[in-house]
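Listed here are the chains, written in short residue letters.
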Amino acid sequence: MRIPLSALVGMFLTASFVFMAVFAQLLAPYPIDSAVGGVWEGPSATHWLGTDTIGRDIFSRLIYGGQITIFVALASSLLAFSTGAFLGFLAAVRGGWVDQVLSRAVDLVMAIPSLIVALVVLSVLPLNLTVLILVIGLLDSTRVFRLSRAVAVDIAVMDYVEAAKLRGERQSWVIFREILPNALTPLVAEFGLRFIFAVLFISTLSFLGLGIQPPLADWGGMVKENKDGLIYGKSAAMMPAMAIAALAISVNLVADWVLSRTSSLKGGRGA
Amino acid sequence: MPDPAVGSLLEFKDLRIEATAYPPGEPPRHLLLVDGVSVAVERGQVLGLIGESGAGKSTIGLSAMAYGRGGVRLTGGQIVLNGREIRNADAGGLRALRGREVTYVSQSAAASFNPAKRLMEQVIETSVSHGVMTKNQAGARAVDLFRQLGLPDPESFGLRYPHQVSGGQLQRAMTAMALCPRPDLVIFDEPTTALDVTTQIEVLAAIKLAIAQTGVAALYITHDLAVVAQVADHILVLRHGRKVEYGTTDQIINDPREEYTRALVSVRSIQHAEKAEAPPVLTVANVTARYRGTTFDVLKNVNLAVAPGQTLAIVGESGSGKSTLARVITGLLPAATGRITFAGRTLSGDLAGRSKDDLRELQMIYQMADTAMNPRQTVGTIIGRPLEFYFGLKGEARRKRVQDLLDQIEMGKGYIDRYPAELSGGQKQRVCIARALAAEPRLIICDEVTSALDPLVADGILKLLLNLQAEAKVAYLFITHDIATVRAIADRIAVMFKGQVVRYGPKSDVLAPPFDDYTDLLLSSVPEMRLGWLEEVIAGRKMESAGN
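Chains S and F supply the protein sequences, listed in that same order. First residue of the first sequence? That's 208 in our numbering, and the numbers climb one at a time after it. First residue of the second sequence? That's 64 in our numbering, and the numbers climb one at a time after it.
All the given hints hold, so there is nothing to weed out.
Here's a subset of chain S near chain F, in silico, CB distances under 10 Å, partners left out:
#1 Met365
#2 Leu373
#3 Arg384
#4 Glu385
20 Å max Cα-Cα, derived SDA-like pairs, lysine to any residue:
#5 F/Lys536 x F/Thr404
#6 F/Lys271 x F/Ile601
#7 F/Lys457 x S/Arg384
#8 S/Lys431 x S/Phe414
#9 F/Lys419 x S/Arg377
#10 F/Lys476 x F/Gly488
#11 F/Lys419 x S/Leu373
#12 F/Lys526 x F/Val330
#13 F/Lys457 x F/Glu503
#14 F/Lys76 x F/Val143
#15 F/Lys419 x S/Trp380
#16 F/Lys526 x F/Met474
#17 F/Lys180 x F/Gln227
#18 F/Lys419 x F/Pro397
#19 F/Lys561 x F/Asp580
#20 F/Lys419 x S/Gly375
#21 F/Lys526 x F/Pro504
#22 F/Lys457 x S/Arg377
#23 F/Lys457 x S/Gly375
#24 F/Lys76 x F/Val102
#25 F/Lys271 x F/Ser587
#26 F/Lys76 x F/Tyr309
#27 F/Lys457 x S/Trp380
#28 F/Lys338 x F/Asn530
Quick caveat, the hints were computed from the structure, so don't treat them as lab data. Computed from a prediction, not measured in an experiment: that's the story for all the values here. Beta carbons are placed, not taken as given, at the ideal position from N, Cα and C, and that holds for glycine.
Full structure from sequences and hints, please.
Structure (C-alpha cells):
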C-alpha cells in the first residue's frame, strides 16, 4: 500500500503537534505564565517566536496552549462521535417515531447557529473545561448524527442486515457488528474534519472570551491577547494563528487520504 | 466507399484489449481482457457471442465500433470494418462510423433512454444528426420499424415518453433506434436479459424478424446459449477473453467439440425425481397481505404447503408476489389475514413474536450473495455466528463446525479466514447456503438464488442444494422465474400471477397439459436449446390467435 506524500506530510505534522502537546512540560523552554522578556519582542535565539503582550515566551505558550486546545478538541470530537453515531445508527435501524423524534430534534438544534447557542449557554453556565467540552461535543454531534444516519440508512437495507434480524439478533448486534464496521471509513474521515472544526470553534470562543480562561493558554485566546500588536506591525498574534492553520491543514491532509480510500460498502480487507 | 463485395463486413484479427484497474488503496492492476481473438461477421449475418461474465463478450462487442468503456484500451490486432482498419481511427472517423455504420442496443433500455424526451425524437436522432435522412424521412422510417417490431399504434407510438411504455416495448424502441439509420451492423448487448421470460420471447421474435427484413448484420451478445441459438447464424464461445470454439449455430448446439461448450449446451440437464406427497412442515392458509399504507393486496388468498425434505417451487414473473410471500413467511411483513403453521406451531405474524426455534428452523438464502454477507466479516464469522447464536458454540468447536460446513458445500480448506470480496460469485452463494445450514433448519427459503449467476455456476449450486436436501432432509421453498430451474429441482410447483396462486400441485401435474392460459404462456416462453424453437412457438401462437 502506498501512502501519498501529502498524507505523509499531514501525518508527520499531526504527530509532531500531538507529541508537543503530550510532552509540553518537558519541551517548553519557559513557564507558561511568567514574563521572561520585553513586550512584543521579535523572534530571536532566546525567544524563538518572540514574546507576547506582557513579555511571556510565545513558543512556550504555544506548546502549552496546544495541549489544551488539542485535548479539548479531541475530547469534544469523541463525545460528538459517540453520541452522534450511536443515535444516528439507532434512528436508521429503528426508523418510525424514534427516527422522527431524533431527526427533528437535531433539525431544531441545527436551525440555530452553533456559535450563538454556545455563546448563550456558556454565558449562563460556569466556565470550565468540562462544560466547554460538553457544549462543543453536543453541538457537533448533530452533524455526526446526520452523517451516520445517512450512511446507516443505506446499510440498513442490505440483505445481511435483514439476515441478522431474521436470525433474531438484538439491536446492539445489528448496530455495532453489522452496521458500524461498514460505516467506519466515512466516519473516520469525518472525524478529522470535525476535530478541526472543534479546534476552530474553541479558538473562536476563546477569542470572544468565553472559551478557555487565563492563566491557561490556548491558541484562540493567544490571538486575542496579542491582536492589538498587529496595528504596530508585531508578529505575536500571527504565531498562534499560524499554529491553528497548520494543525487544520495537516489533519485535513490525513482526512483527505482516509476519505479517498473509502471503498464504499464493497468492503474487503483493511480500509 | 470501399467495394462492399470484397471481404467480410467486420473482421477482428488477433484482437487484444487491455485495461488498468484501480482498486482503492491498492496499486493499479493491469488486466488483459481479450487475448488474440479473431473472428469475422459477414454481411447480413448474425454472430452470437457467448460466455460467462468476464469472458469479454461486451468488450469485444463494443470494440466493433472501436469503443472501450472507462479505462479499456484496444491495444493490439486489427478491427476491419467495411475494408478499413478502425482501431486507430481518429475522432472524426469514429464519429462518422458510430451511430451510422454501427449502432448499439444495450441491456437496459430503461437506463438508456432520456426520460425527458419523447421516444420519436430519440429514435431518429442519430439518423438526422448524421445527415442520413431528413427529419420527415427518418420519422416515416421509424414508424415502419415500429410496425415491423410489433409495437402498438406505430403511428403515434413515438409520441410517448419512455415511462409510458413497458420494458419490452422500450427494448423494441431501442432496436428501432439502432436500425433507423440503416446501419451495416447492430450490436445487441444482452437485449433480453433484463426482461421476464414471457416478454423476452416477444422481443426476441421482433428482433429476429427485424434483422431478417432489414438485412442488417448483427453481433448478438448473451450468456444464454438457448437464446442465441434462436437468432445467430454463427456462434463464438468465449472464456476469460479467449476464443473457445467458433462454428455455425447448428454445429455448436448439436455437435460441440470443446469440453466447455459441451458443458454450456448440457446445462440445466439435472434430473430430479419427484417425491411422494407427505404431511407438510409449513402450511400457508388463506394468506392475504398488503404493504403498509397501501390498499392493494399484493397477495390474495394464498394457500400452500411444503413437505419435509421436499422442494416447493414458486414460479411467476416479476410483480407476481413471489418475494412478498417470502417476506410474509419469514415475518418481515405480517399478513393481513390468514395463518401460517410451521412444524406444528402457528407462527406469529411479525418477527418479534417468534421464538428462537421458529427463527432457527426457518432460514433464508438471497438472490444477491454480495449484499447478503457483511463485507467486513470473514467467512468464519459469517457461518460461525448462527452456530454461536443458536447453539452457543465457541472457539475451537465453532471453528471445527464451520470447517465441516465448508466441506459440506464443497469448498474445503483455506476459505475460513477470507472476506466475501475474496470469493467468486458461486462461492459467495455457497457460503450463504452454509450460513443457512448452520442453523440446522427444517425449511430454507431460496429467493432467486441462482438468477444472478452464470449458467454453469448456477447448475453447480442447484446440484449442491439437491445433495444437501438428500443429506440434511431440509425442505426448500424455491422462488424463481426460471422454469428450467423448477424442472430441475422441484417436487411441487405453485404458479403465481398477480398475487394469486393460479396453479398448484405435484411437478408432474403442473407441467403437464391441460394448462391454464398463463402457465401455458410461461412454459412455452422458456427458450429451449435447439434451433427453430422460436419459430415453432411464434407459429403456434399465431395459429391460436387466428383460431380465436
